[in-house]
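**Student:** Assemble the whole structure, with the sequences as input and the hints as a guide.
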Amino acid sequence: MTLLITPEEKAELLEAAVKGRSLWDDAQRRLFRNKAAVGSMVVLGTLTFLAIFGPFFWPHDYETIYNDRVLQGPTWEHLHIFGTDPQGRDLFVRLLYGLRMSLAVGLVATGVSLLIGVIWGATAGYIGGRVDQIMMRIVDVLYALPFIFFVIILMVVFGRNLILIFVAIGAVEWLTMARIVRGQTISLRKKEFVEAAEAAGVTSASIVTRHIVPNVLGPVVVYVTLTIPAVILTESFLSFLGLGVQEPMTSLGNLISIGAREMEIAPWLLIFPATTMMVTLFCFNFIGDGLRDAIDPRDR
Amino acid sequence: MLAYTMRRLMVAFPTMLVIIAVAFFMMRLAPGSPFDTERALSPEIRAQLMSFYGFDKPLYIQFLDYLKGLATFDLGPSLIYKDQTVSEIIGSGFPVSMTIGLAALLLATCVGVPMGLFAALKQNSLPDYSIMAIAMAGICIPSLVTGPILSLVFGVYLGWLPTAGLDLGKMTFETLLLPVVTLSLAQIAIISRLVRSSAVEVLRSNFVRTARAKGLPEHQVLSKHALRAALLPLVSYLGPACAGLITGSVVVETVFQLPGIGKNFVTSALQRDYPVVMAVVVLYAGLIILLNLLADLAYGLLDPKVKYE
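Residue numbers (this note's numbering), protein chains in the order written: chain A, 2 to 301; chain B, 20 to 328.
One should not assume that every hint holds.
To be verified - Partial list, computed: chain A residues near chain B (C-beta under 10 Å):
#: 1; residue: R138
#: 2; residue: D141
#: 3; residue: V142
#: 4; residue: F151
#: 5; residue: T235
#: 6; residue: S237
#: 7; residue: F238
#: 8; residue: F241
#: 9; residue: L242
#: 10; residue: I257
#: 11; residue: P268
#: 12; residue: P274
#: 13; residue: V280
#: 14; residue: L282
#: 15; residue: F283
#: 16; residue: N286
What the hints assert, rightly or not - Here are the in silico distance ranges between beta carbons for each label pair:
#: 17; chain 1: A; residue 1: I187; chain 2: B; residue 2: K76; range: 45 to 55 Å
#: 18; chain 1: A; residue 1: W59; chain 2: B; residue 2: L78; range: 47 to 57 Å
#: 19; chain 1: A; residue 1: S188; chain 2: B; residue 2: F226; range: 24 to 34 Å
#: 20; chain 1: B; residue 1: Y176; chain 2: A; residue 2: P60; range: 28 to 38 Å
#: 21; chain 1: A; residue 1: E193; chain 2: B; residue 2: R27; range: 32 to 42 Å
#: 22; chain 1: A; residue 1: E265; chain 2: B; residue 2: G110; range: 31 to 41 Å
#: 23; chain 1: B; residue 1: Q142; chain 2: A; residue 2: W59; range: 39 to 49 Å
Note that these hints are calculated values from the structure, not bench results.
Please read these numbers as outputs of a predicted model, since none were measured by experiment.
Virtual Cβ for every residue (Gly too), placed ideally from N, Cα, C.
**Tutor:** This is the structure we're talking about:
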């Protein structure tokens, strides 16, 4: 029996056999075996795609008012498939814009919280000692704040502009992130490769960015996917109180608050936005849970 | 333990001071004033109003004056409702908010704990998966959706319960039922998930195995050994739960038109009624700090491993 492989193929096979699977490969395989998480990714991807590109192909615009078609139920006529709102605007396209806004707020505010939280936590955990104590005491103090009240004051005080919504919510959500990162950092600091880097004379700043931050990525990624839905909820909560996104722009919370007001005569105004929001939040939570099981398999 | 409590209170004091300062200066540095009415006031009247409320003094003196008032429990007059002091406004709203909040917390604990324990005992079975699916739904469906839907179904379609408001200003079982249920749903979900995961861990632990090994009947293993350890995380969740209930109460009070503090706060903030806004922030911050302290102390009493230096 002869082996029917060329030397090149043999080399390739050998290399494949030697090359191990990294922890991230493992996590990826576990994640893709989780049906709920994969399904959620597909649904969320579709929703995001629709929210970004849908409005370009839809015959209606989010601020066009059709005075003769106020509060129409879902109908194929004029393609108002989700009906129209009390001002006679197409609900479907407004829903797409609302979803786009909510996703944008979710991503940007989470980004802000990620930035602050990771830097704060990594610095406190890495330097340790007195600095750590002071920095974490500040976090403790901030934890005690009735934050939502401060966000409301902020929104009232400085007008309701978008950037402020992003920053304000992000500034609220970084505390837990900082705690997670600090805990991880403290355990990493004792590891040999960090000691080696220190011995080699690498500066603290680059040890934090090159060694610490990449290694705390796992728990952080999980927490990020769980922060996004929390942020979307906070934004919708503000919009519900009339403090968030301003007309004619809209967000899911804003649409839900209009729907709640009109639900007795026009239930579709509540049903469609509420369903969209729930589906979105479900997806993020399932992906978050899936990621946690994939990256940190201890719980299974 | 006394020393620990004292030390915590010593920290709580500057914390409160920081909170008060942040809220105070944020409100005052904002554009707009409580006297921005539809009709422009003449400069003389405006100046008189400003000096009556002390707004013409430098900001730091106003701040010190406010702290002085606070120390004697004088929260000042409301700037919008001229015939009421802030204490009166808070006094009328707080009982409503507190009743709803406490009832919701009680309901959430009474429903969430058994749900979580049951799911943990039947781990990875159909009941477990269904309970966790319900809990996931509870986390994903915000109160601003459940509130209107509950009021639509039970208030409008079925007509069993009032849709909004109080019964002639009085709290009755019927008027509070829907708000309390709405507020508790998210907490039920969180508590049942929390209890499940901690119970799963406890049931696997060595001391439970020992209890079983020495031949204790299963119900005693659970009630005497597992339950106490499984419920510990719940105690430390008390603080965040309280914060969540306060936040939720703002929505619930808006949806159901209840005259509680949360609703008061939003309207006051919009009207720049500084003293009312400040009073709500101070009250709730104090409440959260106090509850966190109580939760930590209770944790120490329940968990023999924790020692307060």
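**Student:** None of the hints should be skipped; say for each whether it holds.
**Tutor:** How the hints compare with the structure:
1. R138: 8 Å, holds
2. D141: 8 Å, holds
3. V142: Given a least distance of 5 Å, the restraint on V142(A) holds.
4. F151: With a closest approach of 7 Å, the F151(A) hint holds.
5. T235: 9 Å, holds
6. S237: 7 Å, holds
7. F238: This interface hint holds because 6 Å falls under the 10 Å limit.
8. F241: Result: holds, 5 Å to nearest chain B Cβ.
9. L242: Nearest chain B Cβ about 6 Å off; hint holds.
10. I257: The hint holds - I257(A) has a Cβ within 10 Å of chain B, the shortest such distance being about 6 Å.
11. P268: 8 Å, holds
12. P274: Hint on P274(A): holds, closest Cβ of chain B at ~9 Å, below 10 Å.
13. V280: 9 Å, holds
14. L282: Holds, because the Cβ-Cβ distance from L282(A) to chain B comes to roughly 4 Å (cut-off 10 Å).
15. F283: 5 Å, holds
16. N286: 6 Å, holds
17. I187(A) <-> K76(B): 45 to 55 Å: With a Cβ separation near 48 Å, I187(A) and K76(B) satisfy 45 to 55 Å, so the hint holds.
18. W59(A) <-> L78(B): 47 to 57 Å: About 51 Å separates the Cβ atoms of W59(A) and L78(B), which means 47 to 57 Å holds.
19. S188(A) <-> F226(B): 24 to 34 Å: This hint holds: roughly 26 Å between Cβ atoms.
20. Y176(B) <-> P60(A): 28 to 38 Å: 35 Å, holds
21. E193(A) <-> R27(B): 32 to 42 Å: 38 Å, holds
22. E265(A) <-> G110(B): 31 to 41 Å: With Cβ atoms ~34 Å apart, the hint holds.
23. Q142(B) <-> W59(A): 39 to 49 Å: Check passed, 47 Å falls within 39 to 49 Å.
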